[in-house]
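Using the hints provided, position chain B relative to the given structure of chain A.
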Amino acid sequence: MKTPFYDLHVKSGAKIVNFHGWDMPLQYLGIVQEHINTRQNVSIFDVSHMGRFEIKGADAFELLQALATNDLSKLNDNQALYSPICYEDGGIVDDLIIYRINSQRFLVVVNASNRTKDFQWIASHSNSSVVKDISDATALVAIQGPRASQMLERALPALDLAGLKPFDLIKANILDFRQPIANKKEETKEEIEEEREEEKESKDNNKKKEELIISRTGYTGEDGFELIFDSSQIDIWEKLMQIGMPFNIKPAGLGARDTLRLEAGLMLYGNDMDEITTPLEVPLRWTVKLEKPSFVGKQALATRPITKELVGFEVLEKRIARYANKVFIDGQPAGRVTSGGYAPTLRKSIGFCFVPPSVSPGQLIEIEIGGKMYKAKIASTTRFYKRK
Amino acid sequence: MSEEEIRFSKEHEWLVLNEGGIATMGISDFAQRQLGDIVSVELPKVGSAFSQMQPMAIVDSVKASSDIYSAASGEVIQVNEDLIEKPELINQSPYNLGWIVKIKLSNPQEFEQLMTKEEYDVFIGESEKEEGEEGQREESSDKREANEQSK
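Taken in sequence, the protein lines are chains A and B.
The numbering of the first sequence is our numbering, which starts it at 1089 and goes up by one.
The numbering of the second sequence is our numbering, which starts it at 68 and goes up by one.
The shape of chain A in the complex, shown without the other chains:
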């Protein structure tokens, strides 16, 4: 499967990899370069492979409130919220972002690997709400980095993007994009009239296709925004690249996306969480609101014993730990690595692993990499990097 921007990635010389059936850019200029550029300037990511659903109806809020562990009653219009959704036994179906556009219209963004599963889960719980998979009809592009806000202010001057708080969103129009001045040639009166007629026609016929939803969200640990728009509007990528030039914008692929989120302490479903893990066993306790009257999995989460804990670690030698590497404490098998990799900003080998709940920060452990044991240390947090 390919996103709307696939040809652009190939043209840029991206190395393409198969990610859960999607042909995605792993890297363009190099993972470390793309990572550092995101931390210092701004990067653009194609994340259209992720699932996007639209939920409409008078019961939309109730449906999502019944499935999410987090409390949606705190959401106002034009706000988003992060939450896991769980099975009856407390195991995680997926972690996702819920956008409240208004009381009768919500959007949900889910992991690419869970698109089918999540759609069936949400749709099967709906009474009257209409649940629609809009993944193929839309694209999702992330702009991330300390200069993201400046750059998007330049791109969409009519909107107050700098004023958005984290997880706020704006429902806008792609016509709000400022035209690149360099390309505007002198137009004749007739050409201007023609353009106005075309615009009016397109406004009448294509209101849906011009919708642009911008949220102050991201998966990198930097300031940033995510843009959802119709999948026919692929020239938005080039527009963003042009407007981003003075801000040193570069495209970044899945490789840098992974190193960025790992440093920032953000988890990845399939690695750090799965159907047999509860949100209380990973650093997501803050998303579980047991004071809600009910939600799927509440009973189990309130009573199920916690048998393992996800913690951060730092390898004390130069090797990189990776998914499924075994963890040993005092010579005994104690757990396994769920995510591991190199942290370019910190120049360290870090990761997350499951250990028994009794383990403390600072504790020395050993990780088996390629059949040999390497020394590592439990960190006090999974959040190795905090932006200034």
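There's no promise every hint is true.
[Unchecked claim] Sample of chain A residues lacking proximity to chain B, with all beta carbon distances greater than 12 Å (derived):
| # | residue |
| --- | --- |
| 1 | Q1115 |
| 2 | V1120 |
| 3 | D1311 |
[As the list claims (entries may be wrong)] According to the in silico footprint, chain A covers these stretches of chain B (three or more CB under 8 Å from chain A):
| # | stretch |
| --- | --- |
| 4 | 89 to 99 |
| 5 | 122 to 133 |
Since the hints were derived computationally from the structure, they do not count as laboratory data.
The beta-carbon is built from N, C-alpha and C at its ideal position, and this holds for glycine as well.
Structure of chain B alone, referenced to chain A:
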């Protein structure tokens, strides 16, 4: 470094013959491009002996770990300690600053049997062509494992 003096193994190591039966070894530009950003190198101990094609060192790139094989039999007499702090030298300068070990060859004939630069260029041309035909797709083994193991 003239072209007659450099040889290549099928595992993409290069070997340059110095004086006194000593050879310098590293990995090719093709190999460093395949690996991507190299972030750590585990070097062998000075004095350790390896036979041809025995794993001798390990490089970690951001996405994967790879064994480096000894292109010829011999004893390691020096390792490039600069690689400990700056493993990226292998990416930046694979034939020069990114050298990995110096070996005292125990069987100098092995050197002659390795590929010349022309032969190696054909060898990698063939594998690059294969990649091109597959539409430049590469399985991301970490993610596949994750997908399989999480079920």
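- Item | Beyond 12 Å from each Cβ of chain B, as asserted for A/V1120 | violated (4 Å)
- Query: Taking the closest pair, is the beta carbon of A/D1311 still more than 12 Å from chain B?
  - Reply: holds (24 Å)
- Query: Is the nearest CB of chain B more than 12 Å from the CB of A/Q1115?
  - Reply: violated (7 Å)
- Item | Three-residue Cβ test at 8 Å for the coverage of the stretch 89 to 99 of chain B by chain A | That given contact is violated, which follows from only 0 residues of the stretch 89 to 99 of chain B lying within Cβ reach (below 8 Å) of chain A.
- Item | Proximity test - 8 Å, beta-carbon atoms, the stretch 122 to 133 of chain B to chain A, at least three hits | holds (count 5)
Hints 1, 2, 4, counting from the list given before, are not met by this structure.
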